[in-house]
Structure formats: C-alpha cells, structure tokens
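J.: For the protein sequence lines, the chains are A and B, in the order given. Those letters in the first sequence? Residues 2 to 646, per this note's numbering, in order. Those letters in the second sequence? Residues 363 to 539, per this note's numbering, in order.
Calculated from the structure, these hints are not laboratory results. From the three backbone atoms N, C-alpha and C, an ideal C-beta is built for every residue, glycine too. Check each hint, because a few of them may be wrong.
[As the list claims (entries may be wrong)] Away from chain B, derived, C-beta distances all over 12 angstroms, residues of chain A: (1) 23; (2) 238; (3) 614.
[Claimed, not checked] Pairs of lysine to any residue residues, derived as SDA-like cross-links and limited to a Cα-Cα distance of at most 20 angstroms, are as follows: (4) 450/A / 507/A; (5) 268/A / 472/A; (6) 465/B / 388/A; (7) 465/B / 393/A; (8) 465/B / 389/A; (9) 365/B / 361/A; (10) 402/B / 513/B; (11) 465/B / 513/B.
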Amino acid sequence: MLPELGLASLALALMLALALASLPLAGAQFGRPLWMATARPLAYALLIAVVVSYGLLTWAFVAQDFSVEYVARNSNSLLPLHYRFTAVWSAHEGSLLLWILILAFWTALVARFSRSLPAPVLARVLSVLGKVAVGFLAFILFTSNPFTRLLPEAAEGHDMNPLLQDPGMIFHPPLLYTGYVGFAVAFAFAVAALLDGRMDARWVRWSRPWTNVAWAFLTLGIALGSFWAYYELGWGGWWFWDPVENASFMPWLVGAALLHSQAVTEKRGSFRGWTLLLAIAAFSLSLLGTFLVRSGVITSVHAFASDPGRGLFILAFLGIVIGGSLALYALRAPRGETGKPFAPVSRETFLLLNNLLLSAATAMILLGTLYPLLAEALDLGKISVGPPYFGLLFTILMVPLVLLVPFGPLSRWQREQLGQPLRWLAPWAGLAVLAAVLAWFAWPNGTGKTAFGILGAAWVAGGTLRFVWNRLRSGSRGPRFTAEMVGMSLAHFGIAVFVAGVLLTESTSIERDVAAAPGTSFELRGYTFEFRGAEHYQGPNYQADRGTIVVSRDGRPITTMHPEKRAYASGGQVMTEAALDGALHRDLYVAMGEPLDGSGSWALRLYVKPWIRLIWLGGLLMALGGFVVTFDRRFRRPLGEGTPA
Amino acid sequence: MIKRLLPLLVFIALAVLLGAGVLMNAGRDTKAIPSPLLGKPAPDFALPVLDEPERVVSKADLLGQPYLLNVWGSWCPACRDEHPVITDLARSGRIRVIGYDYKDEADEARRWLAQFGNPYALVIVDADGRAALDWGIYGAPETFLVDAGGMVRWKFVGPLTPEVVQEQLLPQLEALE
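I would like the entire structure built from these sequences, with the hints used as guidance.
T.: In structure tokens:
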C-alpha cells in the first residue's frame, strides 16, 4: 500500500508542477496578481508532495520491502542500515527522484527567500523552475517508476552496487546534484529576464547568490567524488577524464565563468547577453550531463542505466528546455552592448579573458567527450580520446588562466594602466621564481614539474595576498573587506593550493608493486612497509581477506594499515578496499592484489603520494569562497524598481 | 542576428548528434554490433606477448581450439567492471580466454593484472592499436569468439555481464561444441 501512495504522491507532484509551470507565468504575462500569488504556495506544495514520495521510497528500503522491484534490485537483507538510506539513489530511478527532491528544495527556497523580488519576476522564476520539474517528474513517471511492484514478491534482494557501499557515497551524489540543480535557479532567473524583456543588472544581482551557492556545492560534490575515486577504486588516481566526470566538470567550468561575468554585468552593465548565455549554458550542461549518464550513449563505469527509450525522452526534454531557451535568447537578447565602455586594459578585459579561457576549456572537454560518438556517427574511423588529449589541452588553457588570476582583482574597472598591477605584482613574481628555482634544486625527488607547481602556486597566492594587502591599506573609501572580496580571495587561494597539489603529487608520487611474503619489508621514499600477513574474515554482506602492514620511518612505527579484498555475497563482485594513512604532506596508500601461492604471499601495491591532500583542500577553499560571497550585504539590500545598473 | 542564433544552431547540431547516438544504441539493442568479420576468418596479426616481449604470437598459433579474445586496457574503467565476469568464465574452463591489451603501457598492464588477477591464458599486446583496426576494434572492452578453424563467430562491444554470457555467449559455445 505504501509504495502506491508514493506513486500517487509523485503523480500529485506532477499536477502541482504543471500548475506552477503555467498559472503564475500566465498571471505575469496578463497582469493578474491573483494568479501570480499562487506561485509561492504551489512551490511549497510541490516540495511536500515530493518529500512524501521520496520518504516512502526510503521507507521501502529501510523496511526491506522486496515486493518493490527497485528495492529488490538494489539492496538485500544483509545491507547495513545506513546504506539502506543511500541505496535509494544508488541506481537510475532513485537518483532521478533525488534530483527532483533537490529541485523541489531549491524551488521552495527561492520562494522563501525572495521577499525583495517584484511579484511578476518571482512568478516567472518559479514558473520556469516548475517547467523543469514537470520534465523530470514526467520522465520518472513514464519511463523510470521506482515504485513498480514485483509479482511474485522477491524473497531476497540482489544487492546495492558494492562500489557505492562507501561513506563517501552518502554525500557525493546529494552534493553534486545540489550543485547541478542549483544552476536551474540562475537559469530560471535568466529565462524570466528574457521573458520579461528587462535584461538589466537587476536579475543578475538577484541570481548571483544562488549561482554562487550552486557552484560551491558542485565544487564540493566534484571534490568528494574525486576523493572517493581515489580511495575506493584502488587505483591511486584522483581524476580519470571519464565521460561522467567530464559531465560534472563542464557545468563547473561554465559556472565559474558565469560567476565572473555576473559580477561584471551586475556592477558595470557589460556582458549582458553573454551572462544570459552562460546562465543558460551552465544549466544546459547539467542537463546534458544527466543525459550522458542516463542514456547510455557513452559507455562508462558510471552509466548503470542505459535504455534507448529513456535516452530519447531526455533528449526531447533537452531539446525543449535548451532549444527553447536558446531560441528565446536569439529573439530577445539585448541588441548591442549597453554597458559602460571599457579600455583594452581594465578589469572587464581580464574577466573577459577568464570567461574565454573557461569556455574554451569547456568546449574542449565537450568535444573530447562526444568525439567517439561523432566519429562513430560519421564513420570517420577509430580514434580514441583519452587522458593524454584532455591533460595536454587542459594544461595549455589553464596556464594562461593561472597567469591572469592575480591581475583581475588588482585592476580597476573601465581603465587601468598596465604598469600599476605589474608594479604591485613584480616583487611577488620575483619571489615565486625564486621559490621555483629553490624547488628545482632542493625539493626532495623534485622535477621541473615540481618547480612549475611551486611557481604557479606562489604566483597566484602572492597576487592574492597583494590584493588583500591593498585592501588593508585602503583608508577611507568604503569597507575594507566585503564578503565578496573575502570569498574571492579564499577561492583564489584555493586555486593556488590546488595547483600546488596537482603538480607536486604528479611529479613526486611513487608507486611500487611487490610480491610480499609474511614478514618481508619494503622501502619506499624512506618509509618501511612491513607485511605481517593476511587473514580471512566474514563481513556483513561479503567475505574478505584483510592484510596487515606496519609502516615505520627510521625505526619508529608510524601506522598500521589494513587493506582488504572483498568478495560480495551477491553477484560475486570483488572489490579492493585500499588502506590509506593520510596527512597533509603525504598519503601512504596500500592496495591488495592477488594471493600469490598457498604460503600466504600477496601481491601488494604501495604508494607514497606527497601533498595529494592539497588537491581537495584547494577544492574546499574554492567552495568556501563561493559560500562566503553570498553573505555580501549588497545581495540583501532590497532593490527598487528603478535602480540603475 | 546570426550571432544571436549561433548558440541555438550549435545546440541543434549537438542534439542531432546525440539523437543519432541514441538511435544507434537502440538499433544495436544488446550492443552486439553486426561486425563484417562475423562468419569470416579472423584477420592476420602478429603481436608480442605481454610477459615475453620477444615472443610473437600470430593467428596461426591460436588455431586448433576455439578462443575468446577479450580486448582490454589498464586505462579502461569499464574493463574493471567486466573483469570478474571474464575471470569466472576463464575459471569455468569452458573456453580459452586470450587477453588483447589495447593501447596500453606494458608496465601498467602488468600492474593491473597483478592487482585484479590474471585470468588470461595468454595476453597479447597491441600497443599502438594498429592491428586493432583489422579486427574492427574501436574501444575497450570488446570481446570476440573465434572457433578452432579461425572463424569469428561472435562479437560483443562493451563490458560483458553475467546475463550476456548466459544468453548469448554460452549458446554460441554450445553450438561450437
């Protein structure tokens, strides 16, 4: 009975979303205040209906109702309780429901925190979000119903995908989806502005905090996903340029471009059309990401559902949402640049370069991700696109970006003498070069790459410090630090930390494969790994071999590590659970290979990865920066109807 | 106007491509692409063996017994997914499984096998992917069934799953026996 109630609640949500998509919008177009006023209550009602439905599916997992097909396929009676909650989104149907849940939350939040918005704007924005909800609810109901019953009831479930039975999976999808879906809000504001025909700076100011929060969540989601891949896939890598990773990275890059171009449009009125386009693009790429993951067009580890019917449905939906908004853009986009003019050297120019580089990187990744498909469709032959393509092109595009980061904040709007930021930055450039040269000669096991990492990181960090220093010295005019400046500085420090992390890890990591008999020791970068043997044990829903490795340095024990090799009871999938000992300056990493013979020997894979934590720390700082910006008081000041750009 | 239409045009081109992708997948159904090689002799090749680079294996060396040619690479995440299936198949002894290490570094490939286990009777290496063109391989994983006379009997694109083995490969094997 309860699953049917969940389905009914989902159908109710579709009705509410249809109402939300049409009624307030019609009210705004025809000037009917009463129709517009339905937007808020409908948004709240939609949230309630979706929460009920999601809650009932969760309950089916917790109570182990194997008469529900989705539950029977993705869990079994041995699954620990906390994974029963996360199993809800471990496959296609449930993760779509999570998408909808998060969209409903964002919609309700916009409804709640929008007192300063004029009623027609709010009505249009919520209506556009309602349209997105209609698409996804119809998709779930017509192609991917999670409440389908199984007749006769299954006595036992299959299992949750073992790869996903991990604490990282508790947070990764919700964070990622919160980011993806959050771009729907910026998108809704942009489309509302296009519908309204008033594409001045106001819609941008309203949508900026939402864009920042969405981008920050996406940053957290991607960073967590990367960390999860690092320790769960047992392969020691942190980024694979896998199509699904690319799918999340593209909206992130465009989102980063959007943050910057929104700042220009809001403050100077320039880049209006461009900002609209980026707002549409960020969400379109989120949808495209969903399409790539869900349609099975591109094979990947993550693509657990592939069904042509679903693929066509999402494609049609993409066509309506993206094609419709781009057509609207073509009809309505502002004619001619109306913002304040700016000189070739100015903050606007630097931010424009930032936008161009980030967009080019996105286009490059899009091309690389879709190229195999294109080649297949046109019968061009077999050329594979792999990490070498992405790594090389991405580096080529990111080097100038890293070089330019410090210039933007240090330049004035409208016109700047190039000499001024150069004078400020010269000492820092000198220091960065000095640090790089020192690193070249003195860094333990360093290479040229290490030196470049230090150079880039010191340059960005130094330039950001100079900005902070300038603000501290600035006397009378305005507040020394707005939240916006603090957030920006944090995020830029994050870039410095990230650059250092990537290049230090890539250049100084070491790995070794050994055949280890119990009692043997191996030396790696000054760390001694002693293999004490492996024992067999029985887990809740798997059997495992658990190794014991004692790590010491200069005779002093540092840690004891327990890598595992698990065979899950259902499906027989074998998983490598690597053991990690993490510290800021280095990770020790041990993964179990195969048993070598009857004598208890094992193939082991040992890694020492210096400074790899900086990669995720940098991501955290960027996300923190994104959150901090939203506390800026300018976003809380109510804006009058006639406030100029 | 053209400038403002450009994003829409780019998107339409993209949508057409994606639509073609979906339809190709739909036509493919179970991903078993009809290969021009089916029912024809396997192409000639001479490739080195992973663990003994100086030893070269050619098509003639493999005749006499049917074999399953499994294309994989250490860089390929989906190959990890299908690895348990390949391992089970090799352990069952129903068929000789030959690994075809595609566009890979030999060291990485050896490490990968040490990590996840080596189910292959033999691993041949196609480092630059040139021989793969003759096989019509366009990615990893792919799997070919070749009979004792060197004829290609079956081909599968994408990771093998227990269902595919049950429903497609095993009937093919029975037909061979």
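J.: Take the hints in turn and mark each one as holding or not.
T.: Results of checking the hints against the structure:
1. A cut-off of 12 angstroms between C-beta atoms confirms that residue 23/A is not in contact with chain B; the least separation is 24 angstroms.
2. The claim that residue 238/A lies off the interface is violated: its Cβ sits roughly 10 angstroms from the closest Cβ of chain B, which falls inside the 12 angstroms cut-off.
3. Look at residue 614/A: its CB is around 23 angstroms from the nearest CB on chain B, clear of 12 angstroms, so calling it non-interface holds up.
4. Taking the CA atoms of residue 450/A and residue 507/A, the gap is about 8 angstroms. The hint holds against a cut of 20 angstroms.
5. For the proposed pair residue 268/A and residue 472/A, the alpha carbon gap of about 19 angstroms is at most 20 angstroms, so the pair holds.
6. A distance of roughly 12 angstroms separates the Cα atoms of residue 465/B and residue 388/A; the hinted pair therefore holds under the 20 angstroms criterion.
7. Distance hint between residue 465/B and residue 393/A is fulfilled; the C-alpha atoms sit about 18 angstroms from each other, no more than 20 angstroms.
8. Of the supplied pair hints, the one linking residue 465/B and residue 389/A holds, its CA atoms being roughly 12 angstroms apart against a limit of 20 angstroms.
9. For the hint linking residue 365/B to residue 361/A, the alpha-carbon distance of about 17 angstroms falls within 20 angstroms, and the restraint holds.
10. A hinted pair counts as satisfied when its Cα atoms are at most 20 angstroms apart, and residue 402/B with residue 513/B qualifies at roughly 5 angstroms.
11. Restraint check for residue 465/B and residue 513/B: the C-alpha separation of about 24 angstroms exceeds 20 angstroms, so the hint is violated.
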